[in-house]
Amino acid sequence: MAPTAGTCAPSVCTRLRFKNAQSKKAQRPSHHVKKTPSLKNRIRGLERFLKRGPRFFERVKVMRKLRQAKNRVENADDEAERVKAEKAFQTYRQEMVYIYYYPKSEPYISLFPPTPHSEQNLQRQQEIRAEALARFETEQPTDAFHQFCFNDGKTGDAAAASETSRPAVELLLKKPSKEMVKKQKKARSKREKAGEKPRKAPALVDQEDDDMSDAAAAEGDATHEEEEAEAEEDDFFL
431 MAPTAGTCAP SVCTRLRFKN AQSKKAQRPS HHVKKTPSLK NRIRGLERFL
481 KRGPRFFERV KVMRKLRQAK NRVENADDEA ERVKAEKAFQ TYRQEMVYIY
531 YYPKSEPYIS LFPPTPHSEQ NLQRQQEIRA EALARFETEQ PTDAFHQFCF
581 NDGKTGDAAA ASETSRPAVE LLLKKPSKEM VKKQKKARSK REKAGEKPRK
631 APALVDQEDD DMSDAAAAEG DATHEEEEAE AEEDDFFL
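Numbering of the sequence shown is given in my numbering, commencing with residue 431 and proceeding in unit increments.
Simulated from the structure, these hints should not be mistaken for laboratory data.
It is possible that some hints are incorrect.
[As the list claims (entries may be wrong)] Listed next, with one range per pair, are the computed distances between beta-carbon atoms:
1. ASP582 <-> THR466: 51 to 61 Å
2. GLU567 <-> LYS514: 50 to 60 Å
3. ASN581 <-> PRO440: 33 to 43 Å
4. LYS623 <-> ARG447: 15 to 25 Å
5. ALA574 <-> ARG502: 41 to 51 Å
6. THR568 <-> THR466: 28 to 38 Å
7. PHE578 <-> ASP508: 28 to 38 Å
8. GLY483 <-> THR521: 16 to 26 Å
9. ALA506 <-> LYS470: 42 to 52 Å
10. PRO537 <-> PRO571: 19 to 29 Å
11. SER453 <-> PHE578: 15 to 25 Å
12. ALA506 <-> TYR530: 19 to 29 Å
[As the list claims (entries may be wrong)] Straight-line distance between alpha carbons at most 25 Å, and here's what the computed BS3-like set of lysine-lysine pairs gives:
13. LYS449 <-> LYS491
14. LYS534 <-> LYS495
15. LYS517 <-> LYS500
16. LYS481 <-> LYS500
17. LYS495 <-> LYS465
18. LYS481 <-> LYS517
Values in this document were obtained by computation on a predicted structure and should not be read as measured data.
Glycine included, every Cβ here is placed at the ideal spot set by N, Cα and C.
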């Protein structure tokens, strides 16, 4: 088809660029293409979220308070503040045990009711609390309960071991200071000018350990951002 008057036909280079762009777009892997969920799927997801009962939302609320109390215990400045934070941590932990062992066949009795419970509900709540604590003492579901409380992908034993061994690991993976690196570079340059063979300076840290420490730091930042995003999402829905 001939171009109309007043218009200019695309050049050969323009046609080739357009053709190459179309071929690259067609050859792009499917996992690189960002898929937008359909309106039907989004409505289904919203319906599933709204069907979750008060037990789920109270678990999210207590989970957030449990993390805050744990951080206060770890970052306490004095003994009185630490004792107060530990008491709050134990209180929220008992509430989590109540949620963890609550019988699914019964209607849920809320821990944070908008109106006071009746005497019958209060009595039944105390019975369920006692039964839940007794089951927890006998079964000791350490790993499952830790995952239920913190949802961090760690087991209870691994989390305790990482907390106790963290100071020693940080000392072992400590990086050399900037002054030490400058001194090593100056000594190396002097030896090279004098024509001496460069001696291998004793490394303060193994390269693999250094990479591991950087990876662990990056992973810690990523988990911290995920927790902040989760807290913001919980605040939005609660």
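Hint check:
Hint check: ASP582 to THR466, Cβ distance near 31 Å, so the stated range 51 to 61 Å is violated. At roughly 25 Å, the beta carbons of GLU567 and LYS514 sit outside the given window of 50 to 60 Å. As the Cβ distance of ASN581 to PRO440 is approximately 56 Å, the hint placing it in 33 to 43 Å is violated. Between LYS623 and ARG447 the C-beta distance comes to about 54 Å, which lies outside the given range of 15 to 25 Å.
A hinted range of 41 to 51 Å for the beta carbons of ALA574 and ARG502 is inconsistent with their spacing of about 25 Å. The supplied range of 28 to 38 Å is broken by THR568 and THR466, whose beta-carbon atoms lie about 50 Å from each other. At roughly 32 Å, the beta-carbon separation of PHE578 and ASP508 lies within the given 28 to 38 Å, and the hint holds. Range check, GLY483 to THR521: about 23 Å between beta-carbon atoms, so the 16 to 26 Å window is met.
Range check, ALA506 to LYS470: about 50 Å between beta-carbon atoms, so the 42 to 52 Å window is met. Here the CB-CB span from PRO537 to PRO571 is close to 24 Å, well matched to the stated 19 to 29 Å. Between SER453 and PHE578 the Cβ separation comes to about 51 Å, which falls outside the hinted range of 15 to 25 Å. The supplied range of 19 to 29 Å is met by ALA506 and TYR530, whose beta-carbon atoms lie about 27 Å from each other.
Taking the CA atoms of LYS449 and LYS491, the gap is near 55 Å; set against the 25 Å cutoff, the hint is violated. With a C-alpha separation of about 24 Å, the suggested pairing of LYS534 with LYS495 holds against the 25 Å cut-off. This hinted pair checks out: LYS517 and LYS500 have alpha carbons roughly 11 Å apart, not beyond 25 Å. Distance check on the hinted pair: LYS481 and LYS500 sit about 31 Å apart at the alpha-carbon level, beyond 25 Å; violated.
The suggested pairing of LYS495 with LYS465 is violated, with an alpha-carbon distance near 36 Å, which exceeds 25 Å. With a C-alpha separation of about 34 Å, the suggested pair LYS481 and LYS517 falls outside the 25 Å cut-off, and the hint is violated.
Taken one by one, the earlier hints fail for this structure at numbers 1, 2, 3, 4, 5, 6, 11, 13, 16, 17, 18, listed in ascending order.
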